[in-house]
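Based on the sequences and whatever the hints tell you, model everything.
Line by line, the protein sequences are chains A and B.
This note's numbering numbers the first residue of the first sequence as 64 and each following residue consecutively.
This note's numbering numbers the first residue of the second sequence as 64 and each following residue consecutively.
Note that these hints are calculated values from the structure, not bench results.
Virtual Cβ for every residue (Gly too), placed ideally from N, Cα, C.
A couple of the hints might just be wrong.
Said to hold, decoys possible - Each computed SDA-like pair below joins lysine to any residue, with the alpha-carbon atoms no more than 20 Å apart:
1. A:Lys207 / B:Gln204
2. A:Lys337 / A:Ser268
3. A:Lys313 / B:Asp195
Unchecked claim - The following residues of chain B were derived to be distant from chain A, with all beta-carbon distances above 12 Å:
4. Met133
5. Lys337
6. Glu338
7. Arg360
Here is what each chain is made of, one letter per residue.
There are 2 protein chains.
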Amino acid sequence: MEIKEYLNSKKQRVEEALERYMPKPTEPFGQHIEAMRYSLFAGGKRIRPILCLAAAKTISEDPAVATDLMPICCALECIHTYSLIHDDLPAMDDDDLRRGKPTNHILFGEAGAILAGDGLLTLAFELICSADDGSSLSSAQRLKIAHLVAKAAGSFGMVGGQALDIAHEKQDYPFEMLQTIHRSKTGALITASVHCGAVAASANSQQLEALLEYGRQIGLAFQIVDDLLNVTATTAQLGKQAGNDEVQGKATYPAFCGIEETSRRARLAVSGAKEAIADFDSKAEPLRLLADYVYERSH
Amino acid sequence: MEIKEYLNSKKQRVEEALERYMPKPTEPFGQHIEAMRYSLFAGGKRIRPILCLAAAKTISEDPAVATDLMPICCALECIHTYSLIHDDLPAMDDDDLRRGKPTNHILFGEAGAILAGDGLLTLAFELICSADDGSSLSSAQRLKIAHLVAKAAGSFGMVGGQALDIAHEKQDYPFEMLQTIHRSKTGALITASVHCGAVAASANSQQLEALLEYGRQIGLAFQIVDDLLNVTATTAQLGKQAGNDEVQGKATYPAFCGIEETSRRARLAVSGAKEAIADFDSKAEPLRLLADYVYERSH
Chain A
64 MEIKEYLNSK
74 KQRVEEALER
84 YMPKPTEPFG
94 QHIEAMRYSL
104 FAGGKRIRPI
114 LCLAAAKTIS
124 EDPAVATDLM
134 PICCALECIH
144 TYSLIHDDLP
154 AMDDDDLRRG
164 KPTNHILFGE
174 AGAILAGDGL
184 LTLAFELICS
194 ADDGSSLSSA
204 QRLKIAHLVA
214 KAAGSFGMVG
224 GQALDIAHEK
234 QDYPFEMLQT
244 IHRSKTGALI
254 TASVHCGAVA
264 ASANSQQLEA
274 LLEYGRQIGL
284 AFQIVDDLLN
294 VTATTAQLGK
304 QAGNDEVQGK
314 ATYPAFCGIE
324 ETSRRARLAV
334 SGAKEAIADF
344 DSKAEPLRLL
354 ADYVYERSH
Chain B
64 MEIKEYLNSK
74 KQRVEEALER
84 YMPKPTEPFG
94 QHIEAMRYSL
104 FAGGKRIRPI
114 LCLAAAKTIS
124 EDPAVATDLM
134 PICCALECIH
144 TYSLIHDDLP
154 AMDDDDLRRG
164 KPTNHILFGE
174 AGAILAGDGL
184 LTLAFELICS
194 ADDGSSLSSA
204 QRLKIAHLVA
214 KAAGSFGMVG
224 GQALDIAHEK
234 QDYPFEMLQT
244 IHRSKTGALI
254 TASVHCGAVA
264 ASANSQQLEA
274 LLEYGRQIGL
284 AFQIVDDLLN
294 VTATTAQLGK
304 QAGNDEVQGK
314 ATYPAFCGIE
324 ETSRRARLAV
334 SGAKEAIADF
344 DSKAEPLRLL
354 ADYVYERSH
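Listed below in structure tokens is the structure:
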């Protein structure tokens, strides 16, 4: 299996689902819906939905599971997109460029961007909790998924991590704090994406533990590579301002450990992720390729 | 039954539950949790949770229903509080005073206030979807409640209404648009609060329809009275800047119809609410008193 081909086909599937589940710009709410759609369809690798699908596939090849996961995949992407919109706000990182395009508040104003984020976050839970009588997912499974996503996205996860990140700008802090910020701000939702797939496919407790460890390691690898790219890639390659972590006085892995050691730690996390699922059969191949892919992005 | 006594006793019960369900400020997320708690515990009449409890009580006197509703009551209050924090932001209504105290962004900064709101919104769904094995609410009931709350709070409800409100500032628009803004920005979550109680108490379809109509009318009355108070009350009475609707160029009922006609429309909505539940027995007495109370606030 070619990872690029796999990613492209899954990305297309996720984007078709987003098109299906996202509201159309209808009056009188047209402008607000446009603001949400703008950032949701501004590109993006759809890594969280793809991790969710790949994790479920590892346990169950029933195509109904993948189909019924689509609203949840879209919810994960809504939450990720809302977090980018709010992070880019002038009161936060004050970024003008994201994925090579003007950020949401540049086009829709600050109020419009705050509300686009609020709308996407709320829509995520509407999608997860929507009654779908034909779904193979039970109410208990959906409820569990909504709960774990809320926890990962909330004050002890993504939102809390962003609060820590902002509070520590231009300050000296220990390496452990950087790890806490990464784990909560980025890691929690990536781990939750894998967790959603495992719950939807009714993983047993041993499978679940292995997948969660995979999710933790892949989340870590992802963030370390992001830090690395912010230092080594150009603005054109990133689609956002390169080197802005340093400008904003943010600590990063390379600032603490240097580029070599950061690269080594990324490889270590990728190995850890693959090791966690070593006992799984060939159905786990997409997860293994995804782990390699995360590292390959770094060079 | 005295309405003041009823409101006080329910308010106390809701605040005890908030104290139980809200996270404590634990490191490293202490400052962020403090920001959420500040606005949640800055006062407030707790009308949405009380409407939810009163609606459930109308159908079922089983004390377990009221107990199991408490996380949902807290979720409604979290969503209401988050909406106030984001509405008060400099990019939105730019208010310094709320409930007689400095607004969230005055104390915690803009980024802190945006994230406190995001955290409260996310926490609401964590509370509704939390697994509680001892609860009398089924997974299907919880899921339905999470879904209807998300819909009411989202882009075709509260968030969409706020987007319309901001987009129409200092503009001329027809009276129908004012009604749409009110219905989505304020009415939807109030109606949803009643709806949550009805679902939790397993209302039949006839009871549900009556309660929803009550919810729609009470939501309308509530917003009309708010408009009226913004014109007629003092800043000390309101706990926020009196007359700021006019300063911000916002259309209001009094601006369209004058104070007399606005007052008449508030009375009409209150009668409509009571009429919707006319067939209910004495268990609906709290809902009737709440309807009268909404009007009494206006003078």
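Verification of the hints:
no., hint, result
1, A:Lys207 / B:Gln204, "holds (14 Å)"
2, A:Lys337 / A:Ser268, "holds (18 Å)"
3, A:Lys313 / B:Asp195, "violated (40 Å)"
4, Met133, "holds (17 Å)"
5, Lys337, "holds (30 Å)"
6, Glu338, "holds (29 Å)"
7, Arg360, "holds (28 Å)"
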